[in-house]
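Engineer: As a plain string of letters, each chain reads:
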Amino acid sequence: MPIMMPASDQLVLNRRDAIVADLRAIVPGEGVISSAAEMLPYESDALTAYRQPPMVVVLPETTEQVSRVLKYCFDNGIKVVPRGSGTSLSGGALPLEDAVLLGLSKFKRIREIDFDNRVVVTEPGVTNLAISQAVAHAGFYYAPDPSSQIACSIGGNIAENSGGVHCLKYGMTTNNVLGCELVLMSGEILRIGGKTAESAGYDLMGIITGSEGLLGVVTEVTVRILRKPETARALLVGFPQVEAAGECVARIIGAGIIPGGMEMMDKPAIHAAEAFVHADYPLDVEALLIIELDGSSIEVDELIKRVEAIALGCGSTTCRISGSEAERDLFWAGRKAAFPAVGRISPDYLCMDGTIPRGALPRALSRIRDLSEKYGLGVANVFHAGDGNLHPLILYDANKPGEMDKAEAFGAEILCCCVELGGVLTGEHGVGIEKRDLMPYMFSEADLNQQQRLKCAFDARGLLNPGKVFPTLHRCAELGRVHVHGGKLAFPDLPRF
Amino acid sequence: MQIRDAADVEAAVRAAIAGEQPLEIRGHGSKQSIGHAMATNAVLDVSALNAVTCYEPNELIITVQAGAPLDDVLSLIDSKNQEFAFEPMDTAVLLGARSGRGTVGGMIGAGLAGPRRIKAGGARDHLLGAHAVSGFGDSFKAGGRVVKNVTGYDLCKLLAGSWGTLAVMTEVTLKVMPKAETERTLVLRGLDDVTANRAMTAALGSPYDVSGAAHAPHPALRAAAQGLAQGLAQGLAQGSARGALAGLASTGQAATLLRLEGIAASVSHRATALAAELASFGTAELIGGAESAALWRDIRDVMPFAADGALGAWPVWRIVCPPACGGAFGQALARDTGGEVIYDWGGGLLWAALPPATDAHATMLRRRLAAIGGHATLLRADEGLRRTVDVFHPQAKGVAALAERVRQSFDPKSILNRGRLVRTSIS
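Protein sequences appear in the order of chains A and B.
Position 459, counted from 1, in the first sequence is what this note's numbering calls 565; the numbers after and before it change by one each time, with no gaps.
Position 64, counted from 1, in the second sequence is what this note's numbering calls 264; the numbers after and before it change by one each time, with no gaps.
Hints are not guaranteed to be accurate.
[Said to hold, decoys possible] DMTMM-like, lysine to aspartate or glutamate: derived pairs with alpha carbons at most 20 Å apart:
id, chain 1, residue 1, chain 2, residue 2
1, A, Lys-334, B, Glu-477
2, A, Lys-275, B, Glu-283
3, A, Lys-177, A, Asp-115
4, A, Lys-275, A, Asp-251
5, B, Lys-597, A, Glu-294
Simulated from the structure, these hints should not be mistaken for laboratory data.
Note that this is a predicted model, so its numbers are computed, not measured.
Modelling step: build the complete structure from the supplied sequences, incorporating the hints.
Structural biologist: Okay, here's the thing in structure tokens:
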């Protein structure tokens, strides 16, 4: 079933030529793209199943231009969709027919590296990896490391509160960002936080992070950087049953050990990855854990022994310990290539992203197996096991009629299962348009109303990235009513777009 | 009204909205003297919401009602060798309350983290989920029970540190962490504040995983020692937590403290390596185990400025600034006011006890902070002073306006803790 988006504003579309001309006056030269052919690369993000050419693409270069573009759109009632590198997996940057697509790709300068305060001040279009590379010579790095870090921008990381394999120990984006320069939809430029550990007043940075481009446009970011640990080593541990691997994860955490990363793959994912990168993964196991320990070399050596003992106690059938950086990289190579590897064994796949309590892992897996049979579609599982973040990859063929719909229904059932097991709809990819209509499964009407009221505090006219995250649009005025009386709805039957 | 559950809180808030009667939200009242006097005479007491709903040590999470006594919760998780990694401070030492450390809701509402903030984050980083009642009288939930969650806006971040002005929390889910097996503290002696700041910067920029970096100039240590003597005389000393820092005063030198935590072999190795790296700052002494833990409790609770100590009558500021600026800033502040300063977070957090002045030096302090990008909260002051000085740092106009719109989006009629954050002519 196609995802419904907010109705296009015909009056805005009628004025398209004038709007393009006005925007060219604000952002000169090649900063405004309006031809259909040139806008083609912008018609989707990494959730490529959905495509929509924007009304016009604007690529400003300065904060002042961003401010003027937003103020112009605000004054003229024009919607705006912000975009970083376009690597969102949930459709967060999917354009709207009647909206300006505001790309931040020209904001790619690192403004300041301050080792004494252990921060980097950067523009939002800089890639995640580039920040680490810029400080690597001094032994520092930026901790959150989404798999797309070579391409994804730090501004997009803030929009999505991105994680990665190291976030179990070092936190997500929200735990590593200290401040930003933010442009509101009205064009107002604000500075939130800075080089301090905490900012004064309400934690506005905390709410902007993960807000999926609905609250404001970030034009500068201050992130904290960490000194690299002395050493890192990894274990590659195979289990004859998935449940045993789940038990091993629980026991490691229960023993007070927080690994730098703890990832899990099931049999189909192991086989696909091995065929793709030849990481020498064992092929006779049902589940594979990659456990990385980092810190001082003495600590890592000791923890490796403890983890190895726990793994044996859980019935591991293979356990290899990296003896060199090259070997550690090889352990990870398969995991990092798991998504493209699965792409080779199936014409299409749908990558899901839910989180469950770690202890519910075996139940979640058995449920996914049952659903796989119900829908007649294969599935390969790749998990951030340490924090319960699941990435089932649902295998399907878009050329077979009805199969994409089946895959989507399968995915929705998995996410609902995550919520039933005490988890959430998305652990790191965001809600976007992909999981938007599932939000009422996790949140009551009152929960969603409170979130949308907050949206109104930033964007009272609802012009910034509408149609994302929330399954229905509200006018701020109607949300502002104080309900003194009246019962709560047991389950909201929200109108959809 | 007797509050027994979240539905009661909802009913109480709705009644308050209907009657346009603002409410002071109170747990144990341990932090009542922080902030401006609230423009209300009605109290919503949530201390009866004190149950531990669910504790799953293997999942590293605990769910408790907001009124649960923090001391009880800390004992419970301690029994499984776990803790709140952000080291919530015990404000009773500084404020002079005698009622224990307050409630879990108060801990989140205040969001005051201790020394490990530099490594483990603050209260906001450990709040995974909350149930709360907004100023619309609606129960809502924020976040969830898992560490990795980007479903919708992260409302928990706003609740932490909001001083009860956005919603009445009824239940919270917090991340707990395993306690380190061992800890040791390196002590460097006799450094001036600026040099100590440099030593802490070097330590925090090293690969040795420092989990606490603090500096107590000698006058502050002396104040701690005097406070201890005074406290002992009054029979108020509270066990070993009082006096560890005072013990360092005997040498007559400032003390710069660097904490290392982890498994024993690793801590020894890192201590040796860090001492070598910092050799140009002097020879480091090593303090281990319980004594080290007591030192960091004293730093966390700002023991040198204890309410029953030598500087108990002085107003105390909590100043947050870029860490590398702390030493020079604090040194000048102490020199120019005759006050005393101790440093935590590697220089990023300053506690300043300043001699009485009409505005508690607020104007000068905040003017200087503007130059380096920091902010200051007047954490301890009598009510008269709090009536004339902005307790919380005034924000830039646009940010303040946004913050006010955010507040209104939770509580349009300003029913909850009205007037606590922003000084008005009537408060």
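Engineer: None of the hints should be skipped; say for each whether it holds.
Structural biologist: Consistency of the hints with the structure:
no.: 1; hint: Lys-334(A) / Glu-477(B); result: holds (16 Å)
no.: 2; hint: Lys-275(A) / Glu-283(B); result: holds (16 Å)
no.: 3; hint: Lys-177(A) / Asp-115(A); result: holds (18 Å)
no.: 4; hint: Lys-275(A) / Asp-251(A); result: holds (12 Å)
no.: 5; hint: Lys-597(B) / Glu-294(A); result: holds (11 Å)
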